[in-house]
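Novice: Generate the whole structure from the sequences, applying the supplied hints.
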Amino acid sequence: MSAHRYLIRGAAPLGGDPTDLLLADGVIAATGAEAAAQAGDAQVVDAAGLVVLPGLVDLHTHLREPGREDAETVLSGTRAAAVGGFTCVHAMANTQPVADTAGVVEQVWRLGRDAGWVDVRPVGAVTVGLAGERLAELGAMADSAARVRVFSDDGVCVSDPVLMRRALEYVKAFDGVVAQHAQEPRLTEGAVMNEGVVSAELGLTGWPAVAEESIVARDVLLAEHVGSRVHICHLSTAGSVDIVRWAKSRGIQVTAEVTPHHLVLTDEIVRGYDPQFKVNPPLRTAEDVAAVRAGLADGTIDIVATDHAPHPVEDKDCEFDAAAFGMTGLETALSVVISSMVLADDVDFGWADVARTMSAAPAAIGRVADQGRPLAVGEPAHVTLVDPDARWTVVPRELRTASDNTPFAGRELPGRVVATFYGGRATVLDGVPQERTA
Amino acid sequence: MTSGTPARPRPEPGGERVVLDAGDIARATTRIAHEIIERNLGSSDVVLLGIPTRGAFLARRLGERVLRADERDVPLDTLVGTLDITLHRDDLRRRPVRAIEPTTVPAGGIDDKVVVLVDDVLYSGRTVRAALDAVSDLGRPRRVQLAVLVDRGHRELPIRADFVGKNLPTSASEHVSVRLSELDDVDEVAIGKGGDR
Amino acid sequence: MRHLLSAHDLSREEAVLILDTAAAMAATQQREMKKLPPLRGKTVVNLFFEDSTRTRISFEAAAKRLSADVINFSAKGSSVSKGESLKDTAQTLQAMGADAVVIRHAASGAPHRLATSGWIDAPVINAGDGKHQHPTQALLDAYTMRRHLRGEDAIGSDLAGFRVLVVGDVLHSRVARSNVDLLHTLGAHVTLVAPPTLLPVGVGTWPCEVSYDLDAAVAARPDAIMMLRVQRERMSSAGGGFFPSPQEYSRKYGLDGARLRALGPDALVMHPGPMNRGLEISAEAADSAQAVILEQVTNGVAVRMAVLYLLLAGADDRAGVSTPELVKDSV
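Chains as they are written, first to last, in the numbering used here: chain A, -5 to 432; chain B, 2 to 198; chain C, 745 to 1075.
Be careful, since some hints might not be right.
[What the hints assert, rightly or not] Quick list of in silico lysine to aspartate or glutamate cross-link-like pairs, EDC-like style, CA-CA up to 16 Å:
id : chain 1 : residue 1 : chain 2 : residue 2
1  : C       : K996      : C       : D959
2  : C       : K778      : B       : E189
3  : C       : K996      : C       : D957
4  : B       : K194      : B       : E175
5  : C       : K778      : C       : D753
6  : C       : K831      : A       : E218
7  : C       : K778      : B       : E175
8  : C       : K779      : B       : D134
9  : A       : K166      : A       : E127
10 : A       : K166      : A       : D137
11 : C       : K831      : C       : D865
12 : A       : K166      : A       : E131
13 : A       : K242      : A       : D292
14 : C       : K779      : B       : D138
15 : C       : K831      : A       : D311
16 : A       : K242      : A       : E218
17 : C       : K831      : A       : E308
Honestly, the hints are just simulated from the structure, not real lab data.
Specialist: Have a look at this one:
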């Protein structure tokens, strides 16, 4: 079927020497001279000057459905993901109802499959109703059609150390991982921004770095003790980077993620009291930003994850204290990483590192076997084409996400996703999402 | 007293013409002082209230001459005060906000006194209208009179001066600059082009 | 200056202008005829999302003495808790023709949102927001200090060279933040005195000194001491457990008779009110001859008159006081 045969001409795999790729029958059928030779009636995509990456994988996406379809749906969120270059997203569990049963995760998984834009991998809640009191039926979710491997109460911390220990142990039975939202609750009551010089001046209640670091430290020690793997969500402080680096040096099975916004924004930007910059964990200091960037470059932090958190306008058009936490990120993530890491002089971070931290490593952590694969013959045709020289200005209304709460409104960013191929189907061409015709 | 009022710069020669020099101003002031005494049969009931900024300096100059001519040996402050009219202006919302100048009234107050308002230039009459309102907030004088150094015409309200240093026919496209040595290092009145600034 | 949101935004010149204008306003309030005409036809809305009868009354008196119409809108207790309500409430008031909004809100930054979100056009005056700022309180405190410490030479002057202690719950205090900013701008030397639990992380960058020892700070003979209100509920574990007991707080950080004598008779004793007698300040100190606490209340009206005048009396393009041309008569 020619609609699903594409000959990508002249794209640079991971920024290397340009070559051709033939996508056919859902796989990379051929590369180099062979690609054109076997192309037949394949649609030709001129990719001269473009970088080709394995389809991006997000380990941390809030699709809001079921429950908050006014902010985002699986359909709108996954279409935005495709435009952002993603072929797989992990849908966080804090929906209404919470994704804490096989029924809810299967519903989300089916919605994702029906939408067809990316592979939607539901994340299961660790505890029933995210209440932090008793374990949800993790095994049932793992055995469901959704094949859940990542479990998280994200939005709230699994703060009870015994409960966290049990979860870490229990998921070993099906090679799962607990993704911890590291936030000591008592140290962060009423907190709305990073605790420091700026919060002192603004009179906003502070969220101290130690509230994250104390949980990260505890959980890596727990993971070591029970021999489990643990994943740290949206790591945001210099101290957390040090702790994870130390844990890895001890052989602890810890992985960590950083969000695009924590790679560039600092708490100074909160001075205008604009709730678009209210996020959890909060924007930190310039020293923290430098530390997480260095940690991402040296591998201490394994992946970039968006923590895409859409909110309707009314939840942000209000007092800072009253506003919801969160920022959208699916459509800006790659550009922010290019801007803050690839193009930056002070860190060594190339296209191969982009592929590692935004595709291969998140797929490995989430145990998604057919994503994050090398760009090689026979591999699944999850492929993203990026124009590294393009520059674009973020206009909230023009983004495909259903919500406008991007922190990058009005900014000019480098790098633009030109095309995304998910399982051999072009979900995005010329930057425009392609509805399924068949 | 710190004032927000800057000194009036003297423009390049030729841009203006001086119509009263220091000697003219001194003679006019002395004459007005005598007229005030004559009109009011002495000065014991008189209070001179100068309208800041230059009217306040003129009031002090007048006060010194009145005391001398009337042969009274009392402090100047028993005769002379200042009257800020800013809060009573009718053009507040048409101009950038104005600093408020002090209002000081001689210890005897103004009730049943003859208040002589003193200003440098009489033009539209709106300043005097505001001053009359301000005076009525301070008390009930027996009579209110008006002394100005220059009357340049173009009245917009039914107001006239009781004592005038010099009547100065002008066009509305001209402006009148009064300079007093207390602020401007020189005593003179000049007419220039450019209308009301 | 379009709005008054934070004492931090005021330059020395602007602050001195407000204090000088307040002095002129205060002089008019000595007269039999206290009402002045400059805001005739203007409508000032007091938008209070948090109870504060004394601050509201002070603003109301100030506006009325300048002949403005006053609308009091108390949003406390109505269904105002979620954000959209601030926007809707503000726009409703704007639709009613508010020329200025005086806002009190428990959320830090709410006045800033009101002023900068494009919801309304009117000037916004912060009457206290959360733990952030209370600029008119700082202005009336500075006015009171300047009047007493400078005397006849007050007009046109700042507070350069004076030393002020601010004592108590700095962490939760908008009064402390505003005063540190304004007193620093005016050249005074500020020392914050508090238990470490009641100082914010980051206080080290503020333009002031910090001490944990009230007796040592008092022994240095400051020119004024400002006692902050301490809420008793901050002692409970639920309230944060910031100090062990009222007795211990009072012993270590209260202004009692002994410390009053150590201060000497010339130091001003100040308090923004309402006072917890026996906790942060003893009756002896509060009622002493050197206490100017009631005068602070009186001066509040004059300072708020000055702020309303300077923000509202000017031209419609609101070329505010930061515009250098404070025009005088040109003839």
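Novice: Please name the hints from earlier in the document that this structure breaks, with their numbers sorted from lowest to highest.
Specialist: The structure conflicts with hints 2, 5, 6, 7 and 9, although it agrees with all the remaining ones.
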